[in-house]
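K.L.:
Guided by the hints, dock chains B, C and D onto chain A, whose structure is given.
Below are the chains, spelled out letter by letter.
4 protein chains.
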Amino acid sequence: MKYTFETEVRGYELDSYGHLNNAIYINYTEQARWEILKNAGLLESFLSNNLLLVVIETNIRYIRELKLFDNVKVETQISFDAPYLIFQHNILNSTANVKAAKAEVKTLLIDRERVPQDIPEKLLAII
Amino acid sequence: MKYTFETEVRGYELDSYGHLNNAIYINYTEQARWEILKNAGLLESFLSNNLLLVVIETNIRYIRELKLFDNVKVETQISFDAPYLIFQHNILNSTANVKAAKAEVKTLLIDRERVPQDIPEKLLAII
Amino acid sequence: MKYTFETEVRGYELDSYGHLNNAIYINYTEQARWEILKNAGLLESFLSNNLLLVVIETNIRYIRELKLFDNVKVETQISFDAPYLIFQHNILNSTANVKAAKAEVKTLLIDRERVPQDIPEKLLAII
Amino acid sequence: MKYTFETEVRGYELDSYGHLNNAIYINYTEQARWEILKNAGLLESFLSNNLLLVVIETNIRYIRELKLFDNVKVETQISFDAPYLIFQHNILNSTANVKAAKAEVKTLLIDRERVPQDIPEKLLAII
Numbered sequence: 001m002k003y004t005f006e007t008e009v010r011g012y013e014l015d016s017y018g019h020l021n022n023a024i025y026i027n028y029t030e031q032a033r034w035e036i037l038k039n040a041g042l043l044e045s046f047l048s049n050n051l052l053l054v055v056i057e058t059n060i061r062y063i064r065e066l067k068l069f070d071n072v073k074v075e076t077q078i079s080f081d082a083p084y085l086i087f088q089h090n091i092l093n094s095t096a097n098v099k100a101a102k103a104e105v106k107t108l109l110i111d112r113e114r115v116p117q118d119i120p121e122k123l124l125a126i127i
Numbered sequence: 001m002k003y004t005f006e007t008e009v010r011g012y013e014l015d016s017y018g019h020l021n022n023a024i025y026i027n028y029t030e031q032a033r034w035e036i037l038k039n040a041g042l043l044e045s046f047l048s049n050n051l052l053l054v055v056i057e058t059n060i061r062y063i064r065e066l067k068l069f070d071n072v073k074v075e076t077q078i079s080f081d082a083p084y085l086i087f088q089h090n091i092l093n094s095t096a097n098v099k100a101a102k103a104e105v106k107t108l109l110i111d112r113e114r115v116p117q118d119i120p121e122k123l124l125a126i127i
Numbered sequence: 001m002k003y004t005f006e007t008e009v010r011g012y013e014l015d016s017y018g019h020l021n022n023a024i025y026i027n028y029t030e031q032a033r034w035e036i037l038k039n040a041g042l043l044e045s046f047l048s049n050n051l052l053l054v055v056i057e058t059n060i061r062y063i064r065e066l067k068l069f070d071n072v073k074v075e076t077q078i079s080f081d082a083p084y085l086i087f088q089h090n091i092l093n094s095t096a097n098v099k100a101a102k103a104e105v106k107t108l109l110i111d112r113e114r115v116p117q118d119i120p121e122k123l124l125a126i127i
Numbered sequence: 001m002k003y004t005f006e007t008e009v010r011g012y013e014l015d016s017y018g019h020l021n022n023a024i025y026i027n028y029t030e031q032a033r034w035e036i037l038k039n040a041g042l043l044e045s046f047l048s049n050n051l052l053l054v055v056i057e058t059n060i061r062y063i064r065e066l067k068l069f070d071n072v073k074v075e076t077q078i079s080f081d082a083p084y085l086i087f088q089h090n091i092l093n094s095t096a097n098v099k100a101a102k103a104e105v106k107t108l109l110i111d112r113e114r115v116p117q118d119i120p121e122k123l124l125a126i127i
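Residue numbers (my numbering), protein chains in the order written: chain A, 1 to 127; chain B, 1 to 127; chain C, 1 to 127; chain D, 1 to 127.
Pulled out of the complex, with its shape left as it was, chain A reads as follows (with noise of 0.2 angstroms):
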């Protein structure tokens, strides 16, 4: 299945040369994982049970520049290759109907103490 998280790049996610800077795109992909989180309904669970879906790695390719007002849309898909949970975000201006960047997030299911946590059927089950 194929998660979609829709922004606009505002004024203040602006660099000094009026592109949106790198590291807005890597919180646009991060609330895409809200996002999916929150609609699987495992929000509270995790938040009640320190889960934490924690990043290993992040590998991001920066194709098209982003401005001011530009529609924004991060497509994601997952997959797992246990223990990891892989996301696949494709992101997208819609405004100008390009591929903006590409990333794949490699997260791993922790608790508290850092212990690899099984990931949840709901979870698997919306893959």
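There could be a bad hint or two in this list.
The list treats identical chains as one, so a pair stands whether inside a single copy or across any two.
[Said to hold, decoys possible] Derived pair list, reagent style DSBU-like, types lysine-lysine, alpha-carbon separation capped at 35 angstroms:
1. K102 <-> K2
2. K122 <-> K38
3. K38 <-> K67
4. K2 <-> K122
5. K122 <-> K106
6. K99 <-> K73
7. K67 <-> K2
8. K2 <-> K73
9. K122 <-> K102
10. K67 <-> K106
11. K102 <-> K67
12. K102 <-> K73
13. K73 <-> K106
14. K73 <-> K38
15. K106 <-> K2
16. K38 <-> K102
17. K99 <-> K38
What the hints contain is simulated information worked out from the structure, not anything from laboratory work. In this text, all values refer to a predicted model and were calculated from it rather than measured experimentally.
P.N.:
For chains B, C and D alone, kept in the frame of chain A given last:
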């Protein structure tokens, strides 16, 4: 007239207490002003003439915390107290239906050489 | 007593005009307060007791812009106006030797249940 | 040659788990590169000629979390793989004396019209 900017609190905007960081409220009010400029059709001319609505003073009262996925409305009213444009921003938590913050932001229109400029008619027209 | 937090304006803190973004000044004052808590030996007890110095109101006047690699000093004085702790922050551009901004931040010490707490002696002692 | 940028984890850089947010590591590596450009005496000419070292790809591995007031060193080595400048950043927690992250950042020097430019001698000289 009243202008509304809407957003939702994102995971990466939270502080270590799980609340929206104080500085992000300021970001939200900035984006509300960018949208007003855009809607007034002033974005292009401001950028091409290097005009900048510079903030002289911000007074913000934090009333209630905002949390992950709270829906936020920033309602803005503008007044002109020559040479200043004053923005009154009400930041509402529309999920909990309470006021989250209230900010008054005093701005001045300047060019690259920091010379104050007249407020364009298009902007005065929407006050 | 006066407390000083020093930093240098970073490339990723600039806005599209090449100036330090308005919200980052607020971040700098927040960090000045974290350092004061740390120097007063209060960080551990605040964290373990879930105590939070919550900001009730910020009033900031922006006097001069800050640019890439400008050296910044945030000089802070604290006063106690029960039940509030008031922080007066002067933000100085020590590269250009001018005042860049001036902020007054009104805070209240609360616990997780938002119950106001007495200001610890260690903190009153350094005012 | 190896270049070092030092900082300390700030309160407003923490996420809701009390760890340094993933995107801030990216900010730190960006600032390391700004400092390298400055030290090579290239900042002025880059700004006046609208030259931009644009990031094409970032690969970052997160090894250990960083916490409030941890001392951080970003050690950077540069290589030239025409037409790309490649930055290898090691992010060290010098408080705990462990490696916190490791990033490879591939950049390209372009002008405002996005035309790739030759890497200046001054920059090649410091590799």
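K.L.:
Just pull the numbers of the violated hints for me, sorted ascending.
P.N.:
none
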